[in-house]
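Participant: Hints given; two lone chains; assemble the complex.
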Amino acid sequence: MVRTALAVLVIDENRIRAAIIEAGLREAGHERVTVIHDVTGIARRIAEIEPDVIVIDLENPNRDMLENMFQLSRAVKRPIAMFVDRSDQASIEAAVDAGVSAYVVDGLRQERVKPILDMAVSRFNAFSRMARELEEVRGELESRKVIDRAKGILMKSRGLSEEAAYTLLRKTAMNQNRKIGDIAQSLVTAAGLLGPAEDE
Amino acid sequence: MSMTAEHQITAGFMPLFDSAVLVAAGELGFAAQEGIDLKLHRETSWANIRDRIAIGHFHLAHMLGPMPLACNLGLTPLASETIVPFSLGLGGNCVTISNAVWAGMAAHGAEADLDPARAGAALGALIRERAAAGGDPLRFAVVHPHSGHNYELRYWLAACGIDPRQEIEIVIVPPPFMADALAAGRIDGYCVGEPWNSAAVAAGTGHIVTVKARIWRNSPEKVIGVRKAWADENPEALAALLRALHHSARWCQDPANHGELAGVMAQAGFLGLPPTVQMPILTGHLQLGGGAERTIDDFFLPFDKAANFPWKSHALWFYTQMVRWGHVAHTPENLAIARDCYRPDLYRSALKPLGVALPGANSKVEGALQIATAVGATGAGLVLGPDGFFDGQIFDPDEIDAYITGQKFAEI
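Read top to bottom, the protein sequences are chains G and V. Residue 120 in our numbering sits at position 120 of the first sequence, and the numbers go up by one each step. Residue 183 in our numbering sits at position 183 of the second sequence, and the numbers go up by one each step.
Just so you know, the hints here were simulated from the structure itself, not pulled from any lab data. From the three backbone atoms N, C-alpha and C, an ideal C-beta is built for every residue, glycine too. You may find that some hints are simply not true.
[To be verified] Among chain G residues calculated to face chain V with C-beta under 8 angstroms, some are: (1) E59; (2) P61; (3) D64; (4) M65; (5) E67; (6) N68; (7) I92; (8) V96.
Chain V with its partners taken away, still in its complex shape (with noise of 0.2 angstroms):
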């Protein structure tokens, strides 16, 4: 323990390439020229971060972009009131199916092109087929029921028709065993971040038929949720964190700094896998299985594309999401509650000393820019976006209600 630091901060992680930015605070110096002292646990599962939080035992931790709202709204066991001041990036998921399901597909018309509407149709007539032969239901996995994987790979089917309630079947997985549960035929596909999408493809048991960033492009996945509590008491402490992140995750968005990114979560104590596994979410170039490749735009943005910018339009649209299927109820309570959980004036506060470039507004219409566009911001050149939902679907968190009613197979 450093004796000279002025803050001592402990923060939990799951072992996931997205906590990059949080790692890489810690391990290469950027928290400690902020004067603190960051200490790092490795956490098995997402129960395990929310009852630490709860209990004192973190005072932040790398979360489901989704968590901190399902906390808040209570839909957790012994969950704490979380808020979110700055987001770890943007995409990174892909959805990965067996072998046997992509012969399916194939066999129907998709194509190794990562394009969600095709890959949609296919599955869809896929799964009708196997329907009508009466075959048993496909079954998915995601890492978590409030996660951005569940709601994006739920967006997708809905939107190409399949109701995800009844047409398959959705179970959890923690992601470190997800390509075993598809080799070993308990799963048909999966939605979750790298590299367990590679490491189906690499086993040749896999292959990826979309990504996130084709679903909606530059959209929300992990965040650093902090036990509101302590946030309230130490807020200079969390500015100095914040302002830690911020350099940590410029400094990982530099394909400059890509290899040594790599060894960084390489080591035993973060992935524990080798950095060669790591290099497709840093590159966008994917492997899709049986030879196909594919370099994906805006893959995993760590930093650009205001990547840490905590959106309030983002937990927005995760509470759409969440009233949609039956999470929770649609009332102007929890819509406050949703509201208030990300906090972008903690983000600027903290970095506005650095003079970088930030954001205006809290919310932003989503889906509205269909190309990269210069946006008004203090500071210089922030630029964001294109951040189209595949189907051409608008979300304006001004027009909430007419968002939520207007989905297709909404549990309202």
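Excised from the complex, chain G in its bound form (with noise of 0.2 angstroms):
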């Protein structure tokens, strides 16, 4: 049986998360995909590209509009629904847990459009992984730089080698059970209060 290659849109305003979304449709096979970011003349774009599938992101809040245009038939020549499979609820609660909704051209098969769906999901958890690692990231080089200041206030107050500082913070932190980066914040937030006012 031979099968159209099914259009595929993307509409999402993270155009990293967007790249990654068409990357993997891509590489599953899938040649007509579009990626838009900014849904200003959507109905214009959507009547020439006629998808077959429609995948967005739930932070998207122009998914009103989008779903009142999908139902108009004038905007879109053919009636799009969105991805409802009832007996399928496990997958639509990945889908919103994931934060990715898919819309697809009414009578389209359900299983046609399954493996788009999962490939989104797992792309979107992805890329949420990755925002939360690079968070991670970003959180320790700032209680580094934080560490290296009360290192410093150590140093100069009480005559400490760096060395000797950096164990002085250990010992503290490991005594009271608490993250060092969170003992160094500490003393440099005490360090200002109690320092000459035009430290301030």
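Facilitator: The following block contains the structure:
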């Protein structure tokens, strides 16, 4: 049975995530993929592209506008429905949890669409994981800077070597069962409060 | 998370001022006093709220009044049965138009007095003048097809002899984008809640031509939509929440608290807009554009005039408009679904222990009260109305068939 390639439209204001989705779709053999970041004039674009499947992120405030447009036959030549297979509650939950939603042209068979949604869900999850890790790395860098400042304060006020200052911070953190970054932050804050006013 | 809370409730809301009663219930301790740990989640679209209610992420949410009806009538994807045991207020919306349209309307007799009939006549004359000159139809925006905004805009236009299906275009724009879309010329006007009307006036890019409170005074707007499956299994948690919302609404109505309320709503996690922007909806004193200003009676009521009572006649009026504009067919089955969606019985049973004034009826004839009227109720001191439609029509829910067939431009 010959199947025409599905036209997939990805609407995502986040360019990095959109690129990740697009790459995933292409790896899966989908060649007719279009990515839109800005929904201005989208009715015309949809009429041109005639997508079979539309993937959109749930953060997008334009979902209400898009759903309304999908229901108006004059804006999009073919009616588009939300991807809903009532028997597959788990897959709906996975999509909402991941922050993605999909719409398909009426009559398109679920088994042709499901792999696309599954792929979008896993890529959205991978993106969230990446963003979280990036945030952690940022936090770590930030905490290193604070530790350096705390060390400097100890070296100056107590005449310690850098190594001794670090050891003192680490020992205090262990004794109080707190993170060394937190101890350093407390010290920097306290030094700021106690220090000369012109430092403010 | 409070370990002592008896009930854990998760609720969604959109960053609009009329989520205030729900937000204040969570932020100012009204929920905690009823033993509820209320978690509030800000959302970015009504579609997200619908989806998260459907899959059980939210137990309940701030919703557009017609939205639970649309869910139960099967008009939206991924809907789940949703009931309305509480209304979040009356009024609060305006119709705002571009400076160019205002100039055109002024040339046809419009004045900055918010009179819906005068403004509608001027707009109709402008629309016909444009059509005769071969111009494009004016484009208006509302926030959602199943919204009070869409239905009151259409009601106003139709009552002024303008066919909203043929003579103008209606598109959907998210509330925070309305003023920008107007300034950029992508739309010519819109109907939305505050503060998104005052925002265009403040920017010098729009004029407020009429308000919800003048089109249909003391009319329904946002509600608390509750996932029915959760409500059935957790009647005590729901009753506790309704009491918390009642206390919150009473607090929100009191002018002495408006400054603090505006401060709460100004926080980044809620509206994220300066408190000053939120004062027009609280005071009812609006700048209309071009230096004109007006104070509007009953502009937005979060509590007074039984604002929280989920009247079945409100739900049924929304239903008549859904039928009118071809959103749903008028059948006995659909009418029964619309009749069962709003739940005054749950409101009444939850609030009864408080000994407060409660309407005795579940429905009322809408538009019948010419003046504020004390009504028969349990408890003391309940005042309703005036509740007139600007065109003098009356909606009697017992005569719903006649009302539906008598509507101008009805798609039936």
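Participant: Give a verdict on every hint.
Facilitator: Status of the hints after comparison with the structure:
Checking E59(G) against chain V: minimum C-beta separation of about 6 angstroms stays under 8 angstroms; hint holds. Hint status for P61(G): holds, given a least beta-carbon distance of 4 angstroms to chain V, under 8 angstroms. Satisfaction of the interface hint for D64(G) is found here, the shortest Cβ-Cβ separation to chain V being roughly 5 angstroms, below the 8 angstroms cut-off. For M65(G), the interface hint holds, since its Cβ comes within 8 angstroms of a Cβ in chain V; the closest pair sits about 4 angstroms apart.
Of the supplied interface hints, the one on E67(G) holds, with its beta-carbon coming within about 6 angstroms of a beta-carbon of chain V, less than 8 angstroms. The closest approach between the C-beta of N68(G) and any C-beta of chain V is roughly 4 angstroms, which is under the 8 angstroms cut-off, so the hint is satisfied. Below 8 angstroms, beta-carbon pairs count as interface contacts, and I92(G) has one with chain V at about 6 angstroms; its hint therefore holds. Proximity of V96(G) to chain V holds as hinted, the smallest CB-CB distance being about 5 angstroms (cut-off 8 angstroms).
Checked against the numbered hints above, the structure breaks none of them.
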